[in-house]
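Enquirer: Just so you know, the sequences run in chain order V and G.
End of the first sequence sits at 304 in my numbering; the numbers just go up one at a time, nothing left out.
End of the second sequence sits at 1309 in my numbering; the numbers just go up one at a time, nothing left out.
For the record, the hints were derived by calculation from the structure and aren't laboratory data.
For glycine and all other residues, C-beta sits at the position ideal for the given N, C-alpha and C.
A portion of the hints provided could be inaccurate.
Part of the chain G face toward chain V, derived, beta carbon under 7 Å [what the hints assert, rightly or not]:
hint, residue
1, 1050
2, 1052
3, 1056
4, 1063
5, 1066
6, 1070
7, 1074
8, 1075
9, 1082
10, 1085
11, 1224
12, 1227
13, 1229
14, 1271
These are the residues of each chain, in order.
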Amino acid sequence: MPTSLPPHRVDYSPIVERPPIRWPGGARVALWISPNVEHYEYLPTFDGQRDPWPRMPYPDVREYSYCDYGNRVGFWRMLKSLDRHKIRCTASLNLAVLEHYPEVREAMMERDWEFMSHGVYNTRYLSSMSEEDERAFYRQCKDLLRRHTGKELKGMLGPAISGTDRTPDLMAEAGLIYHADWMHDDQPVPIRVKSGRLMSVPYSVETNDGVIFRSYGDGSQFTRICRDQFDRLYEEGAVSGRVMCIAIHPFLTGQPHRIRHLDSALDYIMSHDGVWQATAGEIAEYYIANCYDAAAAHAAGING
Amino acid sequence: MALEPRYGPRYGMDHRHYDWSAIPTRPRLEWPGGARVALCVIVNLEHLEWRPPEGSFHPAYLYDRPLPDYRNHSHREYGHRVGVFRVLDALEKAGVPATVAMDAFTARNYPYLVGHCLGRGCEIIGHGVSLSRVISSRMSEEEERECVRESVEAIARATGSATRGWLGPEYGESHRTPGLLAEAGIRYVCDWANDEQPYPMNTPQGRLCALPVMLDLDDAFAMKERGFPVNEYAEMLKDGFDGVYADAAESGRLLTLNLHPWLTGQPFRIRYLEEALAHIMASPGVWAATGSEIIDWYNKSLLSEGEGG
């Protein structure tokens, strides 16, 4: 068994040494766009670890309604832009949305989006769950998705990117194949689990509207970052395929002053040849079929 | 109003680690070949532990969510897997040697990276045990001595030679640190952000110099703590260099940049580092060197002035 540091899930593998990845059609960049379609509860339960509305006693109507704007208004504006660029999205989905907002569900179904679990509500975190609760959580996520869409769940971005030490094992046990919580790479990476197979398809906390708009910039920064990110990955992708994720939130990017910046980022990226606009599940399935074994063996050689 | 008696003699510093010295009052500092600015770039290779060890000190922002925190832990790991290669390539392209501050976790668990850095001619300096074990006055003297020893030993084992430089994780020091570093054979320390020239520290345990870092130009300080976008950070780098360069007409100055591959090594950020380095290296009279090269030159020039030390 090769050595690795806690949590002993990933063998070290420097990107400059790996067997090259060849994406379908010789694409340089596998691009997945992930709208976070979410519901934050009006009166959540504080789990004692992470306060969903830390600004004031519940409810926090300012924050709650700011998020709710996403489903009422922002989502629909964002759809127009995504449709114009023929993007097939991977919704990072709080599965309760399927039940609360059937119109949103139908719009996503019509476009054949992939549904990645982002938990049930964005105000209920995995970090405080027992093993049994977490196991039940995956059953609930799969059931909700199957019941409302007829689809099978393939992957997860933990609710508000929360998790436990057991998360990868329990995900694999539940039949999921990818975990998006790992920000460690520009390529998918095998994740060691007790049984079955799991891999990371890296999401992004950099090319992410939530991080950008809440910290250091607004629409023009978003466009600049997306373009610069794409340019570098596209250049490097000539040698070995790269993954680029753009993470957006309807309540942020769907604002009237920001939507043109999503448009201009997508205009720029989608005007290039050699972009495989895929879903996270497609990237994961392709990687498992074509790259996983070679990558795992190579990492074992580096560390063994 | 009377000053506190514990400050002792009232002229100068309120501690004994180094002497007060205003930059215009110093003898002229000559760099090799008559260079105006010595440029040192430190690249941090540091490991954030999955869980902080019990009793360790670390700034709260390193663990600001319930654990385990896949998001933050793996974001840092990005530097080791991907980012460091972009940063080292950018430095090599600009003709700037890297001084790699490597913690013990990295030195012991990433032999590939150790070999890679040595193969590129980087100097490797001590950087504590891990990012999760920041040195502070909460440590006992023995704990701190052990931390320094563990770090120095890990690098000696991994690289086959003794480390001469030091940057504490998060610039962490206790009130004892300079003495303990000198005792461990360290010759220069980069924790202090207070000058544009090296200066000697008062360590009876051995000769130690400060190689001060320009904190405002530290990428994590600018972009993570202060929240500046990378294009504005690149402007800061260029302006910062221009300012140091202008004042270096009178006497040689130092610009030490501290970079974090998990941050600046991101695909959308690296171009701005490349542009700033190109700007800096386009000026005549920039001596890009490792920490040891700069400190060796500095010590030699002090000796020739009879300052001794």
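Enquirer: Now look at each hint and say whether the structure bears it out.
Expert: Results of checking the hints against the structure:
1. For residue 1050 of chain G, the interface hint holds, the least distance from its beta-carbon to any beta-carbon of chain V being 4 Å, beneath 7 Å.
2. Proximity of residue 1052 of chain G to chain V is violated relative to the hint, the smallest CB-CB distance being about 12 Å (cut-off 7 Å).
3. For residue 1056 of chain G, the suggested interface contact is broken, since its CB lies about 14 Å from the closest CB of chain V, more than 7 Å.
4. Checking residue 1063 of chain G against chain V by beta carbon gives a least distance of about 12 Å; that is not within 7 Å, so the hint is violated.
5. Using the Cβ-Cβ criterion of 7 Å, the hint placing residue 1066 of chain G at the interface with chain V is satisfied: the shortest such distance is roughly 4 Å.
6. At a threshold of 7 Å, the smallest CB-CB gap from residue 1070 of chain G to chain V is about 4 Å, leaving the interface hint in force.
7. Taking 7 Å as the C-beta contact cut-off toward chain V, the hint placing residue 1074 of chain G at the interface holds, the least distance being around 4 Å.
8. This hint holds: residue 1075 of chain G has a C-beta 4 Å from the nearest C-beta of chain V, less than the 7 Å allowed.
9. Below 7 Å, beta-carbon pairs count as interface contacts, and residue 1082 of chain G has one with chain V at about 5 Å; its hint therefore holds.
10. The beta carbon of residue 1085 of chain G is positioned within 7 Å of a beta carbon in chain V (closest approach about 5 Å), and the interface hint is therefore held.
11. Taking 7 Å as the C-beta contact cut-off toward chain V, the hint placing residue 1224 of chain G at the interface is violated, the least distance being around 9 Å.
12. With 7 Å as the threshold, the beta carbon of residue 1227 of chain G comes within range of chain V, its nearest partner Cβ sitting at about 4 Å, so the hint holds.
13. Annotation: interface hint on residue 1229 of chain G holds; nearest CB of chain V at approximately 5 Å, less than 7 Å.
14. Using the Cβ-Cβ criterion of 7 Å, the hint placing residue 1271 of chain G at the interface with chain V is satisfied: the shortest such distance is roughly 6 Å.
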